[in-house]
Amino acid sequence: MPLDLIKPEWGLVVPQLIVFFLAIILMLGDAFIPRERHYILLTAISIIGYVAAGIALIWQYGENKATFYGLFRADDLGVFLGMTILVAALLTVFVSASYVEYLEGRMPLGEFYVLLALSTLGALIVAIAGDLILLFIGIELSSLATYVLTAYAKRRETSLEGALKYYLLGIFASAIMVYGFAWIYGATGTTDLTEIARVLQASVSGDHREASLLLGLLLIIVGVGFKMAAVPFHFWTPDAYDGAPTPVTGFMSSVPKTAAFALAIRLLVQGLAPLRDDWLILIAILAFITMTFANIVAVAQRDVKRMLAYSSVAHTGYMLAGLAAYKSVSGFGGTGSGDFGISSVLFYLLAYAFTNIGAFAVVAWVQHRGNGLDLDDYAGLAAKEPLAAAALSVFLLSLMGMPPLLGFYAKYYVIVALLDAKLLWLAIAIVVLSAISAFYYLRVVAVMYFSEAKVEHKKVSTPLLNIGIAGMVIAVIAVGFFSSGILNLADHWTQALSVAQAVTP
Amino acid sequence: MEHYLFLIPLLPLVAFVINLLLGRWVVKHASAYIAQVAMFGSWVVSVLVFFDIRGSSDKVLEQHLFTWIPSGTFNVPVTLHVDQLASIMLLVVTTVSTLVFVYSKGYMAHDGGFYRFFAYLPLFAFSMLMLVLANNLLLLYVFWEAVGLCSYLLIGFWFRRRSANEAAVKAFVVNRVGDVGFGLGIMLTFWTFGTVDFYGPDGIFAKAANHAALGVSGGTMTAIALLLFLGACGKSAQFPLHVWLPDAMEGPTPVSALIHAATMVTAGVYMVARTHPIYLQSESALVVVALIGAFTSFLAATIALVQYDLKKVIAYSTISQLGYMVFALGTGAWVAAIFHLMTHAFFKGLLFLGAGSVMHGMHDELDMRKMGGLRKFMPITFWTFLIASFANAGLIPFAGFWSKDEAIVGAWASASSVGKLAAVVGLITAFLTALYMFRCVFMTFFKAPRFNPEAIHPHESGAWMAVPLVILAVPAALIGFIGFPPENGPFQHFLEPVFEQAPAQTTHANEQASLYTIQEPATTRTAIAAAQAATATETHETHVSTATTVTFGIISTIIAVSGIFVAYLTYITGTISATAIGARFAPLYQLFVNKWYLDEIYHNYITMPFYNFAMFLWRIVDVKIIDGTVNGVAALIGAISQRMRTVQTGLLANYALGIALGMVIIVGIYLAGFSTLFR
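Respectively, the protein sequence lines represent chains S and B.
According to our numbering, the residues represented by the first sequence are 6 to 510, in order.
According to our numbering, the residues represented by the second sequence are -18 to 660, in order.
Read the hints as simulated data drawn from the structure, not as lab findings.
Please note that the accuracy of each hint is not assured.
Calculated cross-link-like contacts (lysine-lysine; reagent style DSSO-like; alpha-carbon spacing at most 30 Å) [as the list claims (entries may be wrong)]: (1) LYS464(S) with LYS9(B); (2) LYS389(S) with LYS9(B); (3) LYS576(B) with LYS293(B); (4) LYS332(S) with LYS70(S).
Reference listing, derived: stretches of chain B covered by chain S, where coverage requires no fewer than 3 residues with Cβ under 8 Å from a Cβ of chain S [unchecked claim]: (5) 612 to 626; (6) 634 to 645.
C-beta: ideal position from N, C-alpha, C; glycine also.
All chains should be built: construct the whole structure from the sequences, respecting the hints.
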């Protein structure tokens, strides 16, 4: 590549820049705005920042260009993933403001928002990265900020413990992944994903594959599996999810997870698609193990937050199943209509953001009223707080996959994709395991509606949290009806990847 | 205009959401106004749509909203489609709904469930309008079920009353029988034609017309038609599934007027008319439809003759009139069926609202033996009720005369002997109709009061209730004239494009079928079926001679007048003694009073065996076998779960080891599996 200085198109990274400056502004605001006004001002700044970034992102829709010598790709895949990330971040602001401000011994709010913005920025970078180096920088930025967020309730031992485990295992997994990157670089001589795909396409034929490529691929899958919490690389999840402040848990289950899937899609579909015969079956097996293990273990949990942690792992399994249904043969992008796999994953990520942050939001709502996280704390909730109980029921039913809620459509599209890709056994596994999952989701609903109350609830006003929960309930109920439109947007990833091939500077 | 179609269902939906969420706490009594304004807006749009459609002869409006479930070949678009038929239905539904909403404001004024009532009503209107607007079978089915749900909710509106609950459950369960048939019919349609869309070159209708060429047998067409008709039987209360409608009178009277007389119960008729291209392909299915309709109309009229409950009489009358529509459908007199559907909606809605007004004035008394002489106490109710009764009895020139006569003439004119039979039954039933209707009028409004004037002070209802009565009386009296001259009026010409397309397609199918016969003698049956279908439409084509029309007009006028006269002799002058006749024909009288023993038969031969079987399934199969298995599996998973959670030791080193092991296993298996790589 010639080293003449072509002016980079800054316009294509505006959303990332906005979130970057948001972090800077929040940092300055934290230092210079009086403490008592943090709650209102910093929350407002965060909301405005994410909304602005979202608008800038919509602006890029249909652009499908690359800049900085292919480091950044502003394509429709990136727009969809970025939108999911920003929506999740915005919802997290609504959920976390009062929690951080009032619970667990009043944690510093300003720094919390800064870390949130940095983690979001990392995820956004992964969403549009077109290069191994940038992918790694993005995922690490996102992870490092999340490690700190996990430890944010520093007066509580479990928070520190979970964060430490998450951190130590996280760098362990990162090292493995970078090792994989190194092998891929060694085999192909480039870090640009599109270039990698091109080299592989030319050199890979039939059964003849380099062992080095395969080793690199497997190490990458291990690293990615850790980031998205796939079994058997999920060990950090229950402890970290359980230890983290509740809104952070909701955030972790959506933004870093979306980043991990962005990483997987960019790496496996954009870069290593010519090796698809090797990774598809492995992803399918991982999906199966993940959903089976997580669903079965979740049955034994009495702690609602821990149950949701395992549920989150189970959903990783369903999403992985969607990834396993990728079936493009050419290796570049999709075959157009009929390749539902990746679209279903994208849809699932968005649907899951609403549903899962919503579920954790109601858990936080209950914590505000002075209750713990045990199943008993939810007994008789419906009688005293009918709206909160109804909201949690909606989220849990959606997680379960009950029509016509959003979670149903998410699972439905994954199953359609699996049937399309002739992975009948995995589709059956999803259906059977969903039935098992009904047990632990419905147990909470049953306890809320049919048990006598065992604890008292304080009267607390949490307006921002309530607005957030109401918004998510409406989204979970209503968005499903327009799922086909969203799925159409998700389908643009095919174009995005094939268009991106042609772009150089 | 097609860009505004969505407003028609949307406005009631908005009213529903507002009243449901805010009714009790915020809008309170204004919930009635919200529903009324929304419904009126929907009516305005419907009227505009009607004029737009009327502008040119075969105009069709369509608005695609979104695609509901996209998956491969199975797509369910949410598309609103308005042709002439749908436009008529829109007008009927929105007009009657608006008036009933106004009436309900007065009728339900002191009810504790006021907000709930005004939330359910717009929900019903929304569902009914979507049912009418649906452009595919599945969407129609969804809202078919939705109106059924609203019907259930509103029959059981006073849920503290046991009888209301039982009636609601009965309506729901009986409809389930029909809807299973409907559901199977949709599946068979999709299985046969690969689509659920009505229109277009790949739609059901086009494919049904060409079914022979597509290799679909006539038997399959008959099966589809009959399964769909089973659904129509449930919703439109046709024998043998009519038993729920009289019980449905447990609901508030405005509900009876709107749902169980004017709109929802006609959904079955609408559905058959909508899917008439399918029915045209099956002569035998049409025969079944005609026979069921004719029998139902007679059966219900005989029961209405001996009821003392005012609302029950009108309810059986509704079943009977629906029977007219259905046999008109079965004899290919599509336009007559829709015509009768429309006039019936107005006069039967008016009858129910009048009955409600009587109830209101009489402190919820419904037994006609305890009424009498109400003419003086409630003049508006009396006069409007009288107009509606004339219409129902089919007296010239009231609305019911024109449409009922057209149905009878249409049946007579069809070539088959079933048509003649249906026409004769229709005439006999017309006599019974006039008789029971005026038995009802005379017992309620004439002679001396039979109630205790000390305890009950009948009074005319307020303006909220009286105004809708007066407004509805206008179409009940006059709307028949849009079908004048018979067979050739503006109404018939307006609906022509919907029902005229069919013959052309059938002829086409016929040609193809004959070609098919030459090549393949084995499929003669298919060809014959197609040919028969063609004959059926040709008979519809043959226009009825003026002489026949006039003759039938005279005959039915004589019949109606004599029916009223007999009622007069019996209930006013007392020349004929009803009790004496009852004693003379005791077995027949008992048969009618006991509703042909159908409820008993169903109870003894269907419900009880089913109940016993269900008890067996529960006590033996479910508790012992299935629960045992499920509990076993659950216990097993619970045990496994407890065992597996111990993997989560909490020790960091163990976790790292787990991850490392996972990695080693994956890499190991792969590298071992691809040993060829080490070449």
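> Broken hints, numbered, in rising order?
Replying inline: none
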